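The listed protein sequences correspond, in order, to chains E and R. Start counting the first sequence at 1; every next residue gets the next number (the UniProt record's numbering). Start counting the second sequence at 1; every next residue gets the next number (the UniProt record's numbering).
Calculated from the structure, these hints are not laboratory results. All values reported here derive from a predicted model rather than from experimental measurement. Keep in mind that the hints are not guaranteed to be accurate.
Treat identical chains as interchangeable: a pair holds within one or across any two.
[Claimed, not checked] In silico DSS-like pairs for lysine-lysine, Cα to Cα no more than 25 Å straight-line:
1) Lys312 - Lys341
2) Lys275 - Lys341
3) Lys461 - Lys275
4) Lys312 - Lys278
5) Lys492 - Lys78
6) Lys103 - Lys76
7) Lys103 - Lys251
8) Lys469 - Lys492
9) Lys461 - Lys251
10) Lys438 - Lys461
11) Lys493 - Lys469
12) Lys414 - Lys438
13) Lys275 - Lys469
There are 2 protein chains.
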Amino acid sequence: MALCAPLAHAQPKSGPSVNGFGIAAANGPVEKWGTIEIELAGPSTGNPFMEVELSAVFRQGQRQLQATGFYDGDGKYKIRFMPDSVGVWQYETSSNRPILNGKRGSFTAVAPATGNHGPVRVRNTFHFGYEDGTPFWQVGTTSYAWAHQGEQLQQQTLQTLATSPFNKIRMAVFPNSDVKNTPSLYPFEGTAPLQWDFSRFNPAFFRHLEQRISQLRTLGIEADLILFHPYDKGHWGFDRMPADVNERYLKYVVARLAAYRNVWWSMANEFDFLKEKKPEDWDRYFEIVQMSDPYQHLRSIHNAFVLYNHTKPWVTHVSIQNGAVTEDYERAVLYRDVYNKPVVYDEVKYEGNFPQRWGQLSGEDMVLRFWEGAIAGTYVGHGETFTEPSGRAWTGQGGTLHGQSPARLAFFRKILSESPAEGLEPIDKWQGNPFAGKHAQYYLGYFGRDTPTAWPFVLFKTGLADGMKFRAEVIDTWNMTVTPVDGIFEVKKRDNYTFADKDGRSIALPGRPYMALRIVRVP
Amino acid sequence: MALCAPLAHAQPKSGPSVNGFGIAAANGPVEKWGTIEIELAGPSTGNPFMEVELSAVFRQGQRQLQATGFYDGDGKYKIRFMPDSVGVWQYETSSNRPILNGKRGSFTAVAPATGNHGPVRVRNTFHFGYEDGTPFWQVGTTSYAWAHQGEQLQQQTLQTLATSPFNKIRMAVFPNSDVKNTPSLYPFEGTAPLQWDFSRFNPAFFRHLEQRISQLRTLGIEADLILFHPYDKGHWGFDRMPADVNERYLKYVVARLAAYRNVWWSMANEFDFLKEKKPEDWDRYFEIVQMSDPYQHLRSIHNAFVLYNHTKPWVTHVSIQNGAVTEDYERAVLYRDVYNKPVVYDEVKYEGNFPQRWGQLSGEDMVLRFWEGAIAGTYVGHGETFTEPSGRAWTGQGGTLHGQSPARLAFFRKILSESPAEGLEPIDKWQGNPFAGKHAQYYLGYFGRDTPTAWPFVLFKTGLADGMKFRAEVIDTWNMTVTPVDGIFEVKKRDNYTFADKDGRSIALPGRPYMALRIVRVP
Numbered sequence: 001m002a003l004c005a006p007l008a009h010a011q012p013k014s015g016p017s018v019n020g021f022g023i024a025a026a027n028g029p030v031e032k033w034g035t036i037e038i039e040l041a042g043p044s045t046g047n048p049f050m051e052v053e054l055s056a057v058f059r060q061g062q063r064q065l066q067a068t069g070f071y072d073g074d075g076k077y078k079i080r081f082m083p084d085s086v087g088v089w090q091y092e093t094s095s096n097r098p099i100l101n102g103k104r105g106s107f108t109a110v111a112p113a114t115g116n117h118g119p120v121r122v123r124n125t126f127h128f129g130y131e132d133g134t135p136f137w138q139v140g141t142t143s144y145a146w147a148h149q150g151e152q153l154q155q156q157t158l159q160t161l162a163t164s165p166f167n168k169i170r171m172a173v174f175p176n177s178d179v180k181n182t183p184s185l186y187p188f189e190g191t192a193p194l195q196w197d198f199s200r201f202n203p204a205f206f207r208h209l210e211q212r213i214s215q216l217r218t219l220g221i222e223a224d225l226i227l228f229h230p231y232d233k234g235h236w237g238f239d240r241m242p243a244d245v246n247e248r249y250l251k252y253v254v255a256r257l258a259a260y261r262n263v264w265w266s267m268a269n270e271f272d273f274l275k276e277k278k279p280e281d282w283d284r285y286f287e288i289v290q291m292s293d294p295y296q297h298l299r300s301i302h303n304a305f306v307l308y309n310h311t312k313p314w315v316t317h318v319s320i321q322n323g324a325v326t327e328d329y330e331r332a333v334l335y336r337d338v339y340n341k342p343v344v345y346d347e348v349k350y351e352g353n354f355p356q357r358w359g360q361l362s363g364e365d366m367v368l369r370f371w372e373g374a375i376a377g378t379y380v381g382h383g384e385t386f387t388e389p390s391g392r393a394w395t396g397q398g399g400t401l402h403g404q405s406p407a408r409l410a411f412f413r414k415i416l417s418e419s420p421a422e423g424l425e426p427i428d429k430w431q432g433n434p435f436a437g438k439h440a441q442y443y444l445g446y447f448g449r450d451t452p453t454a455w456p457f458v459l460f461k462t463g464l465a466d467g468m469k470f471r472a473e474v475i476d477t478w479n480m481t482v483t484p485v486d487g488i489f490e491v492k493k494r495d496n497y498t499f500a501d502k503d504g505r506s507i508a509l510p511g512r513p514y515m516a517l518r519i520v521r522v523p
Numbered sequence: 001m002a003l004c005a006p007l008a009h010a011q012p013k014s015g016p017s018v019n020g021f022g023i024a025a026a027n028g029p030v031e032k033w034g035t036i037e038i039e040l041a042g043p044s045t046g047n048p049f050m051e052v053e054l055s056a057v058f059r060q061g062q063r064q065l066q067a068t069g070f071y072d073g074d075g076k077y078k079i080r081f082m083p084d085s086v087g088v089w090q091y092e093t094s095s096n097r098p099i100l101n102g103k104r105g106s107f108t109a110v111a112p113a114t115g116n117h118g119p120v121r122v123r124n125t126f127h128f129g130y131e132d133g134t135p136f137w138q139v140g141t142t143s144y145a146w147a148h149q150g151e152q153l154q155q156q157t158l159q160t161l162a163t164s165p166f167n168k169i170r171m172a173v174f175p176n177s178d179v180k181n182t183p184s185l186y187p188f189e190g191t192a193p194l195q196w197d198f199s200r201f202n203p204a205f206f207r208h209l210e211q212r213i214s215q216l217r218t219l220g221i222e223a224d225l226i227l228f229h230p231y232d233k234g235h236w237g238f239d240r241m242p243a244d245v246n247e248r249y250l251k252y253v254v255a256r257l258a259a260y261r262n263v264w265w266s267m268a269n270e271f272d273f274l275k276e277k278k279p280e281d282w283d284r285y286f287e288i289v290q291m292s293d294p295y296q297h298l299r300s301i302h303n304a305f306v307l308y309n310h311t312k313p314w315v316t317h318v319s320i321q322n323g324a325v326t327e328d329y330e331r332a333v334l335y336r337d338v339y340n341k342p343v344v345y346d347e348v349k350y351e352g353n354f355p356q357r358w359g360q361l362s363g364e365d366m367v368l369r370f371w372e373g374a375i376a377g378t379y380v381g382h383g384e385t386f387t388e389p390s391g392r393a394w395t396g397q398g399g400t401l402h403g404q405s406p407a408r409l410a411f412f413r414k415i416l417s418e419s420p421a422e423g424l425e426p427i428d429k430w431q432g433n434p435f436a437g438k439h440a441q442y443y444l445g446y447f448g449r450d451t452p453t454a455w456p457f458v459l460f461k462t463g464l465a466d467g468m469k470f471r472a473e474v475i476d477t478w479n480m481t482v483t484p485v486d487g488i489f490e491v492k493k494r495d496n497y498t499f500a501d502k503d504g505r506s507i508a509l510p511g512r513p514y515m516a517l518r519i520v521r522v523p
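Sequences are here, hints too, so could you generate the full structure?
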């Protein structure tokens with residue numbers, strides 16, 4: 001790129017063009033929340049990963065953000081940036097190498113294209129929203145090692161995701177030795193399985209990962225990037241690198257990836273199985289990511305049997321594995337009260353037919369967990385473990401989905417998307433009440449495995465007043481139907497805690513499980 | 001007392017004599033974990049509460065503990081101490097008044113009398129034990145204002161407690177304006193309701209409280225002392241004193257009461273209803289109590305709708321109000337994983353017939369909560385809210401118990417006391433399993449409202465090996481019977497997760513709710 005050259009500030013209607021990694025050239029315009037990259041030529045001798053420091057300050061008016069650069073091999077140095085407002089941005093580099101130091105330039109950020117809502121943020125304490133205000137109703141899935149498979153399988157996974165209900169995927173940076181394939185790329189220079197030069201990253205590995213993250217971004221899918229995991233088991237040793245390598249790795253990953261708006265940082269999967277790391281190591285790694293990331297992407301950590309202390313300030317939302325908690329909204333709600341942060345039950349067992357009890361949920365049980373979680377004002381993650389002839393399973397390697405839950409989760413996500421943008425809040429959680437929503441406006445109820453034949457029209461009192469009117473729909477969450485209930489219900493105070501339909505009516509239900517009710521205020 | 005005089009170190013077989021406040025004179029021997037008191041004459045002019053500082057260091061060999069003294073009115077100054085080991089203790093006072101400074105003496109601590117097990121401590125992360133090693137199986141009750149009632153009613157409460165199943169009582173230091181009686185004593189000098197001199201405590205109020213705590217100690221009942229509560233509502237203003245008064249009050253209470261081994265500190269009841277105090281105030285108050293208490297009695301804080309962050313280091317155990325969490329052991333277990341501390345569900349609704357939904361549990365539901373809590377490896381608190389002709393209820397004013405739960409809680413406590421001293425640990429909590437106990441040794445199962453007619457003899461695998469033998473008993477927790485099951489069950493590996501009786505036998509159950517099973521290893 002032409003450093004310090006005056007830049008044309010044209011704002012083409014078609015939006016900025018990007019390369020195969022979803023990155024705009026530094027001299028062209030970039031979308032707000034897109035990624036722009038400054039490329040500089042610098043030293044290729046010595047060990048640039050260890051010896052060269054590079055960053056840039058990006059300024060717009062009184063605001064400035066600092067982004068760290070990285071060495072991308074072959075004497076190329078890059079600094080990536082995600083502008084969060086439109087207009088002209090100025091930048092200036094800093095480096096301990098004169099050739100990289102003091103380079104100035106500017107570029108224009110233009111309005112985001114359709115589908116670009118910015119990064120996901122915590123909103124209303126317990127919920128998520130994109131930075132542009134669009135609600136983010138998390139319906140996540142898991143495919144730990146999909147990006148380490150053969151090219152054809154990765155393409156198939158992307159195709160599957162494109163038509164899936166999922167708007168978030170948990171995926172690991174490091175390959176997974178539990179999964180029987182040999183990656184073609186590794187994160188460090190050296191020779192598999194164990195002869196690594198931990199002082200030199202392999203840029204090709206990260207460029208590949210970036211391409212996948214960029215493709216997910218295009219699909220509108222958040223990449224919940226798992227930074228460490230215990231499934232290496234010493235095979236390549238990425239689970240037991242020295243502390244200084246871990247820290248350098250975290251900084252390198254953040255420098256490369258933070259400018260992708262769809263990145264979330266998951267410090268680990270089943271962190272407590274990583275026996276080489278102590279509790280205080282995780283605190284330090286969290287802080288490194290927190291300090292390194294100019295955009296403050298979401299951060300959490302996923303457990304096996306021991307919960308991380310999610311009250312710590314660097315945890316933005318709670319990521320939990322638990323096999324039983326989402327079977328019941330009255331269980332799932334409890335962690336909300338503890339943490340006062342969004343709670344995502346990222347692992348609640350998987351739909352499948354594995355012999356292990358964590359991988360043999362029925363489709364019905366998988367879908368039930370999403371609904372119970374929603375009624376608790378929390379979010380749930382999907383996984384699939386059907387034994388394929390290939391030996392693969394979605395949650396390990398990606399590919400295609402076989403379960404009965406994804407179609408129902410698409411229906412579930414549609415129902416969520418029609419709910420109040422503030423998020424579903426439990427109604428009367430102290431007592432336990434199968435409704436969530438927004439007091440006096442919107443109620444979504446779910447009866448789980450119960451098979452009621454009627455629901456007396458009785459709502460918890462908060463916000464209600466005599467004469468308020470509501471319409472109702474009966475939702476079959478498994479058969480994916482929404483059936484309007486005839487008539488309008490007008491409420492009247494019933495007792496110290498509830499309002500009921502003034503004529504004492506009930507809503508008929510079909511006596512099947514997995515039924516829900518939607519009750520919406522009408523003028 | 002004769003200061004600095006050599007003391008006789010006789011150890012009478014009958015144990016040391018104590019006064020009406022359960023306090024041994026400083027020149028006589030004292031039981032280990034008993035209370036000894038140094039009384040000194042000092043200034044009665046000015047404001048001794050504000051102006052005089054007094055403390056003493058108590059030494060035995062290389063150990064020393066510092067106890068703060070207090071002004072008890074009429075020119076009398078006192079320093080109380082609870083020795084935690086037998087033998088001779090030396091002490092020396094410090095004061096900003098020469099007459100109180102540098103006083104030395106010694107006394108002998110003798111072996112504890114029967115029933116004196118020392119203070120209760122956290123043990124095995126999630127459980128409690130007395131300092132002498134005896135398990136403490138918490139079966140608590142609640143009577144907030146019993147010590148502020150008329151003398152006759154207080155005596156009746158003590159009589160009730162003497163034959164009750166309860167080994168802990170939650171009780172407030174401050175009187176309760178919700179309760180319609182006028183206390184005869186107040187904690188400050190002044191005139192009710194609002195003309196207080198917050199710079200002067202009323203020693204008579206505290207002497208009375210001490211007598212009650214001493215009487216509870218004699219009964220073997222822990223006093224879970226509630227230091228602040230929101231039920232004053234500005235009537236006397238003890239819920240909205242200035243911060244410096246709160247801090248002085250806490251130090252005075254700790255100085256007076258810490259030497260009673262049966263004291264627990266509950267910073268507040270429904271702390272989040274005390275709107276005058278901010279979250280950081282509670283942190284500071286916790287720290288004051290933590291720093292002031294030489295014996296480190298148990299500390300917690302009780303909530304209404306907002307949970308305190310119990311991960312903070314000064315919280316020794318978790319005290320929770322929740323109306324629904326103990327209805328299901330799979331809910332109740334969740335907070336254990338968060339906090340890694342003992343969890344006491346101190347308020348789970350009350351047995352009674354109040355119109356409020358928090359005060360109308362059936363006896364069955366009250367007892368069920370204790371059992372579900374136990375299976376979760378947690379502890380539960382009792383309360384009773386029957387409308388008496390007097391307008392009183394146990395949980396407000398004390399008196400007598402009318403409910404059906406106390407008899408069953410006595411039975412429950414007996415079952416607990418026959419359980420492993422380490423405490424009941426959930427068996428296979430990840431999956432959800434209605435048993436708690438000690439792997440391969442002891443299993444206590446509870447079926448709640450389910451009404452099984454048989455239980456297939458299948459246990460989770462941990463610790464089991466083919467050929468291990470068990471006996472079983474069927475427990476009716478409501479009718480309070482224990483029925484041995486004929487024969488011995490020998491287990492054999494069944495699948496990846498379980499062992500079963502080698503002959504595939506089941507245990508017959510009566511098809512009633514509230515049944516439990518006890519399975520104990522035999523040689």
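Here is what the structure says about each hint:
no., hint, in the structure
1, Lys312 - Lys341, "both (11 Å within a copy, 17 Å between copies)"
2, Lys275 - Lys341, "between (27 Å within a copy, 22 Å between copies)"
3, Lys461 - Lys275, "between (50 Å within a copy, 23 Å between copies)"
4, Lys312 - Lys278, "both (16 Å within a copy, 19 Å between copies)"
5, Lys492 - Lys78, "neither (65 Å within a copy, 62 Å between copies)"
6, Lys103 - Lys76, "within (15 Å within a copy, 78 Å between copies)"
7, Lys103 - Lys251, "within (22 Å within a copy, 62 Å between copies)"
8, Lys469 - Lys492, "within (10 Å within a copy, 62 Å between copies)"
9, Lys461 - Lys251, "neither (51 Å within a copy, 43 Å between copies)"
10, Lys438 - Lys461, "within (12 Å within a copy, 45 Å between copies)"
11, Lys493 - Lys469, "within (13 Å within a copy, 60 Å between copies)"
12, Lys414 - Lys438, "within (18 Å within a copy, 46 Å between copies)"
13, Lys275 - Lys469, "neither (57 Å within a copy, 35 Å between copies)"
Checked against the numbered hints above, the structure breaks hints 5, 9 and 13 and satisfies the rest.
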